[in-house]
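Colleague: Residue numbers (our numbering), protein chains in the order written: chain X, 1 to 435; chain G, 1001 to 1435.
The set of hints was computed from the structure by calculation and includes no laboratory data. Misleading hints may appear alongside valid ones.
To be verified - Label pairs and their in silico Cβ distance ranges: (1) 1386/G <-> 182/X: 49 to 57 Å; (2) 1095/G <-> 89/X: 38 to 46 Å; (3) 1238/G <-> 234/X: 27 to 35 Å; (4) 1253/G <-> 37/X: 46 to 54 Å.
C-beta: ideal position from N, C-alpha, C; glycine also.
There are 2 protein chains.
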Amino acid sequence: MEIKIGMLGLGTVGTGVYQLFQEKRKIYQRELGCGLTIAKIAVAHLDKERKVQIPEGILTDNAQEIIEDPGIQVVIELIGGGKGLEHDLAILKTRKHLITADKLLIATRGDELFQAAAKNNVNLMFGASVGGSIPVVRWLRDGLRADKIKRLMAIANGTTNFMLAAIAILSYDTALSLAISEGYAEPDPTFDVEGLDTAYKLAILARLAFRQRVTFEHIYPVEGITALEPADFTYANRWGYVIKLIAWAEDRDGKLDLRVHPMLIPEEHPLAQIVGANNGFYVEGEAIGEQTLGPGKGAGPQPTASTVIADLLQVCQDIKNGQVSAYQINALEKVETYPVTKIVSRYFLRLTLANEAGALEEVANILKDFGISISAFDQPETTNPEAEVALITWPTEDLNMSKASARFQESPMVKKAYPSIRILPKEEKGEEHGK
Amino acid sequence: MEIKIGMLGLGTVGTGVYQLFQEKRKIYQRELGCGLTIAKIAVAHLDKERKVQIPEGILTDNAQEIIEDPGIQVVIELIGGGKGLEHDLAILKTRKHLITADKLLIATRGDELFQAAAKNNVNLMFGASVGGSIPVVRWLRDGLRADKIKRLMAIANGTTNFMLAAIAILSYDTALSLAISEGYAEPDPTFDVEGLDTAYKLAILARLAFRQRVTFEHIYPVEGITALEPADFTYANRWGYVIKLIAWAEDRDGKLDLRVHPMLIPEEHPLAQIVGANNGFYVEGEAIGEQTLGPGKGAGPQPTASTVIADLLQVCQDIKNGQVSAYQINALEKVETYPVTKIVSRYFLRLTLANEAGALEEVANILKDFGISISAFDQPETTNPEAEVALITWPTEDLNMSKASARFQESPMVKKAYPSIRILPKEEKGEEHGK
């Protein structure tokens, strides 16, 4: 038996997949007990120079040759950026199994794709869409289905995690230059630094964790890291916290609280240990308790390729067995989101005050007006006429903090109010975080 | 369609499985699209008081009733301690799928069991045999099959990991009492503290990671934590290391280096972050690079139950689809082990010397006789006639260190030589660790 594989796209990840496949093909074939061939690869430009040598007759610039080839049973789509949608739907329609690493597609058009896969009785695999080599998709899909997940927290974007360590000691701009020169960030970093990449990934994770039809649109707020400054990290550190860009998903009595924003997390928390351009995933389940996957490489051609091929091998085993083993769409429920204004958190605030009597009282009074109490306060000694203060509040509803922030903007005593940052408390059992 | 499940054993884990199953049964049924029933449970004593209420007609004290029931398609064996072997073989022979959490059985009689499963075309699942709720078995089995694993390191025993933190500040005996009173250790802790539990688990992990017929017998040395003293941790700490009980598996040009022993690992290493009664698993793959799973609960009825049931649900999906998706025995190779005497490590040594001139020279000379150089040295100022010294060597072969240790025992200048401890170097790229 010989299984013929098609590929769409031969960029960085595609090349990684092709190389890994060729290198380890014999091992895969022996383990599966059948032959495996990449029969055709569709690319945009046939004459482009490639890092990898492709035998004559494999490359084509016409994706239809793959889609319409009845001999090809499985297609790996690595076009990316959501541009493979029409091809993907056509692939599923011709009853070919589909493997994609495109988080954008799964996060925005997941329902359509999963329905097409179910209707045509083929696998739709997307293990490499989140976490690179960290098996978080597989774990949520298969390994945790016995348990009920209460909360999921993720550091799902390596670029921003790398940058945070640099922002802490330098500045946002220097951190970004560094990330670009190290190859971690794109020249236009918007997708990463504004939290969008993290939010797309969160949509996929939450869909699996809570078995609901979560899409990108359900995630709010989505805040990035561009407003952070070294001072935020210095204060956070002094209070025993690190700052991370966190994807948060929580089941609140059947309603989902889904958001992406920077967060102060206790330095003892497992996600605080995820440093450098790594990813990490933290889950609280009713049965399993707390559980972390990572650190590990969340991106890069090789880690991604290994997960794409793990998916491929599962599909090939299914083809050999004549069945479909992956993710079933039919059990998914509609999403009800938890109202963001009701989310209760402690907040970290940093303000530049007019250095005159009554400034601090003004801050305390504004907070008090919205029922917000101060839990910790820090003001460096200064001779500067404009004094900076940092403080941590007791838990309060999002809406109260929004209103207080608006009042800070208006107050002549407050020269600048930096964006407030949510806190994951150290001893969570002591207070109702988020309820 | 209704799938009937049998269970052997209703101890702590069995009760956890039964409770979780009953609690979430409706969710499982909806997701699978078929009915699930625990039809029979075989126990040793019918009249034993149980934490859980079992309906009339389910309990039996005759395992044959389950094995011979043609209506039961899958059996969960939770007898443990290797005592389920005969039953397990009989279950597979009657073409029932088998799920077990018994690490001892898989690590010692794996070949026999896997062959029986393959011959009868049924699944043999053992996800809960290692790592509790951490999906390490599933990951090595399915998720990493695309990659070639170079090295695996694990903290696979929560009891000893809990104890190490207590030994560091108290003593071995106090740490053990504490672990017993906290419910982490058995009154007879041999299985845990001598490294046996870790070694059984390593056999299972190495089998999956390297696709070879690894059994418990291939693992050497197996050293426990009973000889460790607070002083070891103090010195290690001063040099930037923590001490962990490490399961080590490495592919050295096709030969496997498999061992369990305490090890100094750099405090920045991901496994150094695994604290308390948790487990953690670290893998280096050719494609994925470095990757860690954990911290997470490696034992306990609930985490274990969640993994047992994840296995059960995969099996039930297979039953529904009329196929076998799990682990194939046929691709496994024979093990060749790497000679332990050739393993190269840095070592941590602690010695009590006669406090007289020439004692230190004697130590240096003995080491020099076996080609061992000293990399770091530490001797607290003391007025005690017997002085303690600690040192770190440059990398040397195991055989050299054994010979030097023997000479220390004979030397009148060395009052006591504590067991040497292997070190995972901080900057491994700079030296050939283990080659």
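Colleague: Would you mind marking each hint as holding or not holding in the structure?
Modeller: Verification of the hints:
no. : hint                         : in the structure
1   : 1386/G <-> 182/X: 49 to 57 Å : holds (53 Å)
2   : 1095/G <-> 89/X: 38 to 46 Å  : holds (40 Å)
3   : 1238/G <-> 234/X: 27 to 35 Å : holds (28 Å)
4   : 1253/G <-> 37/X: 46 to 54 Å  : violated (29 Å)
Violation of the numbered hints given earlier is confined to hint 4; every other hint is satisfied by the structure.
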